[in-house]
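> Okay, here's what each chain looks like letter by letter:
2 protein chains.
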Amino acid sequence: MVNYEVRVPTYKASAVSPSERERILARPIQDTQNIRKIVEPIIDDVKARGEKALIECAAKFEKAELKSAVMKAPFNESLMKVDPRIREDIDIAYNNIYAFHSAQLRPNISVETMRGVVCQRMSRPIERVGLYIPGGTAVLPSTALMLGVPAKVAGCPHIVISTPVRKDGTVAPEIVYIAHKLGAEQIILAGGAQAVAAMAYGLPGIPKVNKIFGPGNQFVTAAKMHVQNDYGALVAIDLPAGPSEVLVIVDESCNAESVALDLLSQAEHGLDSQIVLIAVALTDEQFDQVEAAINHHALRLSRSSIIQHAIKKSVIIRTDSTDEAFEWSNLYGPEHLVLHLKNASSYLPKINNAGSVFVGPWSPVSMGDYASGTNHTLPTYGYASSYSGVNTDSFLKYITTQELTEEGIQRLGPSVIRLAELEGLTAHADAVRVRGVKL
Amino acid sequence: MVNYEVRVPTYKASAVSPSERERILARPIQDTQNIRKIVEPIIDDVKARGEKALIECAAKFEKAELKSAVMKAPFNESLMKVDPRIREDIDIAYNNIYAFHSAQLRPNISVETMRGVVCQRMSRPIERVGLYIPGGTAVLPSTALMLGVPAKVAGCPHIVISTPVRKDGTVAPEIVYIAHKLGAEQIILAGGAQAVAAMAYGLPGIPKVNKIFGPGNQFVTAAKMHVQNDYGALVAIDLPAGPSEVLVIVDESCNAESVALDLLSQAEHGLDSQIVLIAVALTDEQFDQVEAAINHHALRLSRSSIIQHAIKKSVIIRTDSTDEAFEWSNLYGPEHLVLHLKNASSYLPKINNAGSVFVGPWSPVSMGDYASGTNHTLPTYGYASSYSGVNTDSFLKYITTQELTEEGIQRLGPSVIRLAELEGLTAHADAVRVRGVKL
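In the order they appear, the protein sequences are chains A and B. Numbering-wise, the first sequence is residues 1 to 439 according to the numbering used here. Numbering-wise, the second sequence is residues 1 to 439 according to the numbering used here.
One chain only, chain A, in its complex shape (with noise of 0.2 Å):
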């Protein structure tokens, strides 16, 4: 046996009672109370100084003096000097994403629900939205890809970026190749909290947005919740954010190698990236290769502190069927579900609870990160329960519309009326016997 230095705890599904599988599968607790303490004066700050506040914040946070926090189309060539062949790529990225989100829009949906009783349902998108791209060391244009592209598939008439500066005070060129692509109207140049309150309660010729959408670290989520939440913003957001996660099912059919590397691109995030590995019936042989891999592949890449420390934290079940595997997967509700599995697409049916699936030996992650056409943006933290992932309906509002007849409100006003007097609402009542409506 290999003394191996990155040791995963392993359990077997058999032995686990169902409590204790909910403790297996927890996440780490969100300390969200004094996070929002360190938030709110920032909020509050650029509420009060706009501009000068994330002038202030980016020589704070990011080191960088700043002139002006905003940019605005149109954005100069010069900073948007891209590798030809990275600007290709990007395009191409860009041309599914535009696919798979276009796929999403809908007609206009008309039902005659009774004779005379016509029922519709326009959409429209929204009218401001604001898209927070991560930054500072890391370049991510893949973020700038994953909201704009269903923005302007959704056609919302203004699109604001906030993204951090670098230590240069510039932003990477990609990002703002993206921009220009998807003819944002500005870019705030401001990370964290202060971006989110830029982008809520507005700057000097930018106004206030209607939804901001966009991963981000702690500070940005927390900043987010708080605005959503106060009236006075009237904002949006699109869904509550935690660390990335994935879930990967493999059996006997998997590929070690493969399997190891799809657990160890989600260990690269973060410290705090979840994952989690269940094993269908593999031999010990065939778990001890997928263990060697792992180990292999977690002391060998660039991002190994990092990787060695998530992967000590993530948990492999083995368990006996594929049935199993999905109770565990459901419960959990990964972001990311890999399944690794002889005729993957069958088992589609059994899944419940996940962000976006990654079905058999061709599909890793990374592929919807940039590129496959899906969204990147997805619940984390179990919200897969109860969201979607960013998609084209997130940028629409639906606008239902009725118009009766006099026919239809002869037909339906008499339930209408004794409804309404049922609930005590005369005037409801009498809206409908004014047009002549009698019981």
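Please note: incorrect hints may appear among the correct ones.
Any copy will do: because identical chains look the same in the list, a pair fits if it lies in one copy or spans two.
The list that follows gives simulated cross-link-like pairs (lysine-lysine, BS3-like), each with its CA atoms no further than 27 Å apart [what the hints assert, rightly or not]: (1) LYS438 to LYS342; (2) LYS37 to LYS350; (3) LYS313 to LYS63; (4) LYS37 to LYS47; (5) LYS208 to LYS350; (6) LYS438 to LYS312; (7) LYS81 to LYS438.
Hint data in this document are derived by calculation from the structure and do not stem from the laboratory.
We have chain A already, so just place chain B on it with the hints.
What follows is chain B alone, placed relative to chain A:
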């Protein structure tokens, strides 16, 4: 000139500057801070003591003595003795709502974004939904229909209802009848923040729900906003709620009596109801007729004191054109928008922000409130700029999938490798490389 008792402040649009326009349409500020301080100890108490806390709340707030705070299905026939005509009215409303919300279901999506890259989307019902039905003195079966029928259409397997009891400790038979029709598993006998807490955190024998729906007073709303920000609750909510509101646009084709009752049926909802009338190019004589009708009915109706209070705080704008009228309307973003206009439906393309629209002379808001088929749980307070009303999708989640063939990853993989490396995520790149993709 008549000496009216009920006078509504009236503005000429042409004399109002843009900044005044916002002031005129401003809703009253919601004091959420103080409400939160009242609500949070109630939530904590229900979390800690469960049903005992609910029983004490019923004694305190509803003056009702309860032995148990939960009714479990199957509900006894004796609890749902409903006038047969009302039962029929409920059934008609149920069927219309069912028809319109069924039309909102949509098939799974499948797109081959590139050769060998297939992205799909499938929907799943939210497993446990909690429906809050306001009550107490009034009976509100319509809300039970508006929340329960789409849950049923979506296929949610577990429906919990929470509603405050009457003084005698019972629930209106109409609500029990609807709960039975929906297949709800429990009725929690609680209103206010305590109901929200019971649904969010669960009770012995009643697991927590994944999403909470329903209108309610400011305590219910504050509780919903509290739990949606608590990672420990892991619960979503439908939408933020504010006082109910209507905006009515009329031209010379309008019937003054109908207009008056459409306005007043909004006013009777409560002291904080918001009412806006936009009169397009009415002669003074026509305008006087509308004012006279408002005055006449405001004094006559059963909820006259509520109505008189609410209508005095409302606003009338006189504009010269329909274009101007819709500018005002979109700025306000009304929950209910009523069009008393010639060729009313031709104006639908002009509407950007609204909850539900009532088109033409035979479509009073009451019809949609009860039975036309549209939902009456709608965005208020201006949230129509970013939220849809409750609809079938509110009870569903969408899960995306991607399945690549070997050819697919060979085609798209190089772009993903380059983009991942640009972002410094080498394990993401290696997860593609390990599958045989080379740059």
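> Now look at each hint and say whether the structure bears it out.
Consistency of the hints with the structure:
1. LYS438 to LYS342: Answer is between; shortest inter-copy Cα gap is 25 Å, intra-copy 66 Å.
2. LYS37 to LYS350: Intra 42 Å, inter 43 Å, cutoff 27 Å: neither.
3. LYS313 to LYS63: neither (33 Å within a copy, 51 Å between copies)
4. LYS37 to LYS47: both (16 Å within a copy, 24 Å between copies)
5. LYS208 to LYS350: Answer is between: at 22 Å across copies they meet the 27 Å cutoff, but 42 Å inside does not.
6. LYS438 to LYS312: neither (73 Å within a copy, 30 Å between copies)
7. LYS81 to LYS438: Between copies only: 26 Å across, 72 Å inside.
Violated hints, in rising order: 2, 3 and 6; the structure is consistent with all others.
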